[in-house]
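Visitor: With chain A fixed as given, assemble chain B onto it according to the hints.
Protein chains: 2
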Amino acid sequence: MQPVRGMKDWSGDEAWKREYVLERIKDVFQSYGYEPLETPAVEYFETLAAKGGGGEEIKEEIYYFKDKADRELGLRFDLTVPTARFVASNPTMPKPYKRYAIGKVWRYDRPQAGRYREFTQADIDIFGSPSIWADLEILEIAITVMRKLGFPEFKIRVNNRKILEAMVLASGIPEDKVIDAFRAIDKLDKIGWDGITKELQAKGVPNYEKLVSIIRENNLEKIRGELEKFDVGRAGLEEIDGLMKLVREAGLEKWVELDLTLVRGLEYYTGNVFEIKAGGQWSCGGGGRYDKLVEIYGGRPTPAIGISFGVERVIQLMEDSGLFPENYKPTVMYIAPIQAEKEAWKIRQKLIEMGIACDIDLMERKLNKQFDYAKSKGYRWFLIIGKKDLEENKINLKDLETGEEWKIGLVNLEEIRQILENSR
Amino acid sequence: MQPVRGMKDWSGDEAWKREYVLERIKDVFQSYGYEPLETPAVEYFETLAAKGGGGEEIKEEIYYFKDKADRELGLRFDLTVPTARFVASNPTMPKPYKRYAIGKVWRYDRPQAGRYREFTQADIDIFGSPSIWADLEILEIAITVMRKLGFPEFKIRVNNRKILEAMVLASGIPEDKVIDAFRAIDKLDKIGWDGITKELQAKGVPNYEKLVSIIRENNLEKIRGELEKFDVGRAGLEEIDGLMKLVREAGLEKWVELDLTLVRGLEYYTGNVFEIKAGGQWSCGGGGRYDKLVEIYGGRPTPAIGISFGVERVIQLMEDSGLFPENYKPTVMYIAPIQAEKEAWKIRQKLIEMGIACDIDLMERKLNKQFDYAKSKGYRWFLIIGKKDLEENKINLKDLETGEEWKIGLVNLEEIRQILENSR
Chain A
1 MQPVRGMKDW
11 SGDEAWKREY
21 VLERIKDVFQ
31 SYGYEPLETP
41 AVEYFETLAA
51 KGGGGEEIKE
61 EIYYFKDKAD
71 RELGLRFDLT
81 VPTARFVASN
91 PTMPKPYKRY
101 AIGKVWRYDR
111 PQAGRYREFT
121 QADIDIFGSP
131 SIWADLEILE
141 IAITVMRKLG
151 FPEFKIRVNN
161 RKILEAMVLA
171 SGIPEDKVID
181 AFRAIDKLDK
191 IGWDGITKEL
201 QAKGVPNYEK
211 LVSIIRENNL
221 EKIRGELEKF
231 DVGRAGLEEI
241 DGLMKLVREA
251 GLEKWVELDL
261 TLVRGLEYYT
271 GNVFEIKAGG
281 QWSCGGGGRY
291 DKLVEIYGGR
301 PTPAIGISFG
311 VERVIQLMED
321 SGLFPENYKP
331 TVMYIAPIQA
341 EKEAWKIRQK
351 LIEMGIACDI
361 DLMERKLNKQ
371 FDYAKSKGYR
381 WFLIIGKKDL
391 EENKINLKDL
401 ETGEEWKIGL
411 VNLEEIRQIL
421 ENSR
Chain B
425 MQPVRGMKDW
435 SGDEAWKREY
445 VLERIKDVFQ
455 SYGYEPLETP
465 AVEYFETLAA
475 KGGGGEEIKE
485 EIYYFKDKAD
495 RELGLRFDLT
505 VPTARFVASN
515 PTMPKPYKRY
525 AIGKVWRYDR
535 PQAGRYREFT
545 QADIDIFGSP
555 SIWADLEILE
565 IAITVMRKLG
575 FPEFKIRVNN
585 RKILEAMVLA
595 SGIPEDKVID
605 AFRAIDKLDK
615 IGWDGITKEL
625 QAKGVPNYEK
635 LVSIIRENNL
645 EKIRGELEKF
655 DVGRAGLEEI
665 DGLMKLVREA
675 GLEKWVELDL
685 TLVRGLEYYT
695 GNVFEIKAGG
705 QWSCGGGGRY
715 DKLVEIYGGR
725 PTPAIGISFG
735 VERVIQLMED
745 SGLFPENYKP
755 TVMYIAPIQA
765 EKEAWKIRQK
775 LIEMGIACDI
785 DLMERKLNKQ
795 FDYAKSKGYR
805 WFLIIGKKDL
815 EENKINLKDL
825 ETGEEWKIGL
835 VNLEEIRQIL
845 ENSR
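Chains as they are written, first to last, in the numbering used here: chain A, 1 to 424; chain B, 425 to 848.
The following block holds chain A by itself, in its conformation from the complex (with noise of 0.2 Å):
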């Protein structure tokens, strides 16, 4: 039997690799201040469609169904829209609320290469603070993390919803097409600039090509004077400009880089939005300011702002550039018995209490077939205590990788720590 159509089991070495990653991701996130939250996997199918205005069209795109009482429930997509469900039912705490939540979410995409059903997010966001710090703050992290897991070049490409707002404006399209442009522009990277003309062709956008002339030349001071005519215009500059000076300030500016073709999908940003990008094709993260949707949920208003990492394709970047080092997954030795069970197992269990992970024979195999085994298993450190041996009040180590073995003093564990400590 396999596992569901488009999700995986995670196993071995890919398995030690996504807690590689995990862990330091959550490193970072707990070194800025952010607390933990744990929402369901299952949400009310209400949840998760108000985000998108409750329309049922959500539907094709997730795992919905009903319970014995016929509840209606869906698995959540991502990890933002139950949090705001619980920062909106939860108004009284102390804020800003930071938090950060890595875990599984859901969606019913057509299976492609690397792209799964099931896959896992690990996010920040920052609930009521609405100020330019805290978008300082999120790329701050992002860039944390990146260089953390060892990207050598990377970027957050930064854009802002208000400036998109007075480009399309600026450019002659009515309000009500707005989000027709948003659309087109955002399938860049899968259509191409002359995809992004047809389909605005197509949907009857007028003065579209001044639109893709402004976008394509990606060069805001050029334009600065035109979005100036516009309110929205005027506050999406304070935001961007805010931003990259604060950026300049904190001595990021070589990892930020400002672009005008970025949109985010037709989610509920606000204000400015990043993405983040390390080579090959995909982003492995984004995410923006979100003002509104909390009160979506029935909240207090509650300015918010956020970033999603994509765990697997942060994990498949690293892979694809080499960026595990060698001691991605513990160290652990092997200790094999020869007519000296009790004592090995004792020993076993001082060594583990020092710090030194052990596997240990449960086949009562012969000690070549130990070897193969530890080979198999890619473990460097073997140890053999042996009845003779331990007359002696000694063990034998091996190292596996050299060949090199020591004669270890019972008395004189701590040696072996040393030893391996000294071969890293």
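FYI, nobody ran anything at the bench for these hints, they're computed from the structure. Glycine residues also receive a C-beta, built at the ideal position from the N, C-alpha and C atoms. Certain hints may be false.
[Unchecked claim] Lysine-lysine pairs mimicking DSS-like chemistry, simulated, CA-CA at most 25 Å apart:
#1 245(A) x 774(B)
#2 432(B) x 66(A)
#3 26(A) x 770(B)
#4 155(A) x 774(B)
#5 245(A) x 811(B)
#6 475(B) x 8(A)
#7 377(A) x 519(B)
#8 492(B) x 51(A)
#9 148(A) x 766(B)
#10 450(B) x 26(A)
#11 8(A) x 490(B)
#12 432(B) x 95(A)
#13 95(A) x 770(B)
#14 329(A) x 369(A)
#15 669(B) x 366(A)
#16 678(B) x 346(A)
#17 148(A) x 753(B)
#18 475(B) x 68(A)
#19 572(B) x 350(A)
#20 8(A) x 492(B)
#21 766(B) x 254(A)
#22 59(A) x 432(B)
#23 519(B) x 17(A)
#24 342(A) x 669(B)
#25 329(A) x 519(B)
#26 148(A) x 450(B)
[As the list claims (entries may be wrong)] Partial pick of chain B residues on the chain A-facing surface, computed with a CB cut under 8 Å:
#27 766
#28 781
#29 782
[Unchecked claim] Over 10 Å on every C-beta distance to chain B, these chain A residues come out as not near it, computed from the model:
#30 24
#31 194
#32 202
#33 213
#34 225
#35 255
#36 282
#37 327
#38 366
#39 406
Guide: What follows is chain B alone, placed relative to chain A:
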């Protein structure tokens, strides 16, 4: 809007306690050489049903649904079934395959206090070893987890399925009533001895009085002779005697207790079974040997044994007994900039780089509001980075718990770490 009925958001201190417990459990699992396995939350219904013989009954107890292609699916109700599926479909992995899995599972139970429809299990299992050493390892790990979590008193109750069967047969109950007898005894905690007697009567189990009296006496030595008359009895005695001998040799007997009343459900167990008790009415985990399950999933004959912690119950028991240490969540320092935002953010970057978690003003608030926020978050350390102090290359650290203050030289940020460490 609320979480789905029977499910729960974990936030704030509750979420930190989960984090504390899960990290410790994971550390122990890894220290014994177990590797992670993550399987999808969603499985084919066929996979979920196979464990119980493939029947439809299970639909009432799980979240069952169809996807848009009419595939029958369900949310996993434990972590053992998906793992057995995985092991069955990956027959060439080196054996023993030792994996841990920590994840959510879902059951459509009647919601009650402290029981949720979404809850977390933390499992270890060994596939491929028929040896009693595997049984010992599972017990030793369970004991190590409980000790690491600080439980001063707990017991792993141990019984054996073959001995249970032999007791039933020795009572003169025919083989076709063995399951009915197990089912009744399994309810001891819920319905007591009178309830068991009534149920056995109602099911028409002959000679039930003798069975009840044997089990009630709970004395293996007294019935050893009778059990030895049956093949299954001799086999069970060999397993349990073998395990108890190893338990004594490993110095673990203090935490292990033979208990003939233990059944552990009508599941797939075939040999020794375990249950973890640490005060309170509930067990907080259990497991045992299940040598036939991988075959049910189409795999090669693969002996298997494991144990599962019910994470919410473990946390509840720790809470009830006050086992969480003061520092169950990370220390976070709060930074209040006074007309020195740029400098404050740079200093914060350095402190985070040094391993000191830091929150900072994101609201452009006055100092007294920042104090209030820091207190509401339970932060102990409050670092004021002010324009005037900076002119003398100083910053000002306050201990909100003792009222103590320090002027720290900017060249000497390491002093901050020392102050924090000395105050623990």
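Visitor: Which of the listed hints are broken here?
Guide: No hint contradicted; all consistent.
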